[in-house]
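The chain contents come next:
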Amino acid sequence: MSAALIIIFATIAGVLCLGLLARRGKDMNLEQWTVGGRGFGTILVFVLMAGEIYTTFTFLGGSGFAYGHGAPTFYILSYGCLAYLLSYFLLPPIWRYAEKNRLISQPDFFAHKYDSPALGVLVALVGIVALIPYLVLQLKGLGIIVDAAAYGAISPTLAIWIGAAVITAYVMVSGVRGSAWTAVVKDILILAVVLFLGIYLPIHYYGGYGSMFSAIDAAKPGFLTLPAKGESIAWFDSTVLLTAFGFYMWPHSFGSLFTAKEERTFRRNAVMMPLYQLILLFVFFVGFAAILQVPGLKGAEIDLSLLRLSVQSFDPWFVGVIGAAGVLTALVPGSMILIAAATLLANNIFRIAQPHASDATVSRLAKLLVPVVAVVSVVFTLQGGTTIVALLLMGYSFVTQLFPTLVASLLPHNPVTREGAFAGICVGIATVAATTLTHTSVATMFPALPGALQDLNIGIVALILNVVALGIVSAVTRRRPAYA
Amino acid sequence: MAFVKWLAVLPFLGILVGVPLLNRVQPLIMGMPLILAWIVLWVLLTAAIMAIIYRCDPANRDTPEPRQ
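As they're listed, the protein sequences go chains B and S. Just so you know, the first sequence maps onto residues 1 to 484 in my numbering. Just so you know, the second sequence maps onto residues 485 to 552 in my numbering.
Think of the hints as simulated: they come from the structure by calculation, not from any bench. Note that CB positions come from ideal geometry on N, CA and C, so glycine has one too.
Quick list of the computed label-pair ranges, beta carbon to beta carbon:
(1) S/L528 to B/I6: 39 to 45 Å
(2) B/I464 to S/A532: 29 to 35 Å
(3) B/E262 to S/C540: 17 to 23 Å
(4) S/A543 to B/K220: 45 to 51 Å
(5) S/P542 to B/L437: 46 to 52 Å
(6) S/P542 to B/A10: 50 to 56 Å
(7) B/L437 to S/M514: 43 to 49 Å
(8) S/L525 to B/R364: 50 to 56 Å
(9) B/G210 to S/R539: 32 to 38 Å
Partner residues aside, some chain B positions facing chain S, computed with beta carbon under 10 Å:
(10) Y84
(11) Y88
(12) F89
(13) P92
(14) M212
(15) F213
(16) A234
(17) A244
SDA-like mimics (lysine to any residue), calculated; alpha carbons at most 25 Å apart, straight line:
(18) B/K229 to S/V509
(19) B/K100 to B/P412
(20) B/K100 to S/D541
(21) B/K220 to S/R508
(22) S/K489 to B/P93
(23) B/K229 to S/P511
(24) B/K367 to B/L18
(25) B/K367 to B/F350
(26) B/K367 to B/P355
(27) B/K229 to S/F496
(28) B/K220 to S/N507
(29) B/K298 to B/F314
(30) S/K489 to B/L275
(31) S/K489 to B/L86
(32) B/K229 to B/A448
(33) S/K489 to B/E263
(34) B/K100 to S/P542
(35) B/K220 to S/Q510
(36) S/K489 to S/V501
(37) B/K229 to S/L518
(38) B/K229 to B/A452
(39) B/K220 to S/G502
(40) B/K220 to B/A390
Construct the complete structure from the given sequences, taking the supplied hints into account.
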């Protein structure tokens with residue numbers, strides 16, 4: 001066993017112990033996780049809240065996308081910024097309404113706003129469907145890390161099963177009480193590792209950022225700008241908008257905003273969070289540094305670039321530290337996603353079907369569903385072939401379909417009816433599902449369209465159809481004023 | 485305050501309109517391609533704009549603004 005693997009498994013063991021300790025001592029539920037965090041002081045709270053966005057997606061996916069796609073990866077830096085801006089105006093009214101009506105989940109919110117339990121079920125289904133690719137990408141990340149750190153001794157398939165077992169064990173042991181300290185350790189470690197790699201590697205291999213980008217530009221002309229076709233300007237703008245709108249539509253992030261103590265927290269975070277985003281720059285730098293140093297990774301392999309370059313540059317023990325940081329970025333958010341999916345199934349779907357089920361039954365069911373959801377995700381993961389970024393964008397295409405219905409419900413006089421909400425969400429989801437399953441894009445469906453329109457992200461096309469359906473059906477079903 | 489809130493439109497323009505216009509590598513700014521440096525600039529400006537909005541928003545004062 002390599003030194004790297006020993007360090008990674010020691011980290012996993014340590015995290016499981018932290019989970020056990022958290023359970024023994026103060027019980028931490030999801031609410032306490034954030035509220036209790038407030039006792040930590042501003043900086044630690046900031047690290048905790050901002051750190052939720054540092055998942056395997058940013059660590060391996062961001063660097064891999066920079067390595068394989070170049071400039072289009074800059075969309076990741078752009079959408080977060082706009083999403084935080086939107087959060088300033090979007091989150092306080094959601095929080096106020098949820099607080100007033102004692103709501104605890106995203107489907108509850110929609111069901112209550114539109115006075116329709118069925119809409120709650122639909123929203124829960126959308127959430128689960130979107131969470132699966134998000135979980136798959138965390139497992140993929142875990143698999144990649146274990147595989148790389150084992151220096152080929154463990155097959156990728158086995159690595160993914162190990163990853164899934166670790167996440168499931170972590171959730172079963174610490175439950176929702178996942179120690180706040182695990183999150184803190186994760187954020188500090190990932191910050192340190194990303195800053196170090198993003199500064200050291202470009203200087204070590206190229207002498208600096210300027211010479212690195214010049215060398216890449218000379219070797220691959222056009223790689224550092226958005227291309228004319230494919231991931232073009234139209235793709236960039238539509239993807240940034242889609243993901244900025246969808247940012248807070250994820251069931252786990254929507255749910256966690258209910259736990260805040262006062263609405264001002266969101267406004268204050270909207271000021272600070274864009275700056276925290278800049279850490280992404282260093283993730284990109286690692287991916288760019290890898291281009292000329294570990295060339296030849298293709299397709300879904302691009303996600304390996306950060307670790308390949310690390311293996312080439314450092315001793316096994318340090319690769320172990322990097323891998324451990326990566327494992328934590330998959331483990332902490334992965335467990336949140338797994339819990340969110342299992343809870344949605346148990347609480348927002350099973351309970352609607354069986355209204356007389358007791359709380360104990362529902363929570364037992366949620367726990368039983370954890371390994372089930374994990375296994376389903378493993379099956380999807382093993383089908384492979386997709387990059388981490390592609391998986392996340394697929395999830396985003398789904399959750400963003402909830403955005404128009406949500407925004408309409410926050411207006412003083414909601415113009416959207418229950419039927420309109422259903423029609424909009426269903427049309428949007430059906431569009432995304434149909435195009436994903438048949439592997440069509442705007443370009444293949446409408447070859448006659450001008451090039452720029454062909455490159456639009458399919459999620460934004462679905463969003464437009466969604467709004468059209470929502471408008472038409474709402475207009476038809478609006479209750480007309482009585483004549484008399 | 486209503487006027488200040490309109491500042492929030494600027495980052496959308498800066499990124500969605502500005503990036504397509506400045507889709508170039510040269511000149512490198514602080515070692516970064518122009519397109520990346522432009523996005524970084526807008527991340528910083530977004531934080532600044534949100535800080536201004538936060539300061540001007542009466543909802544963030546400890547005591548509610550007296551009604552006239």
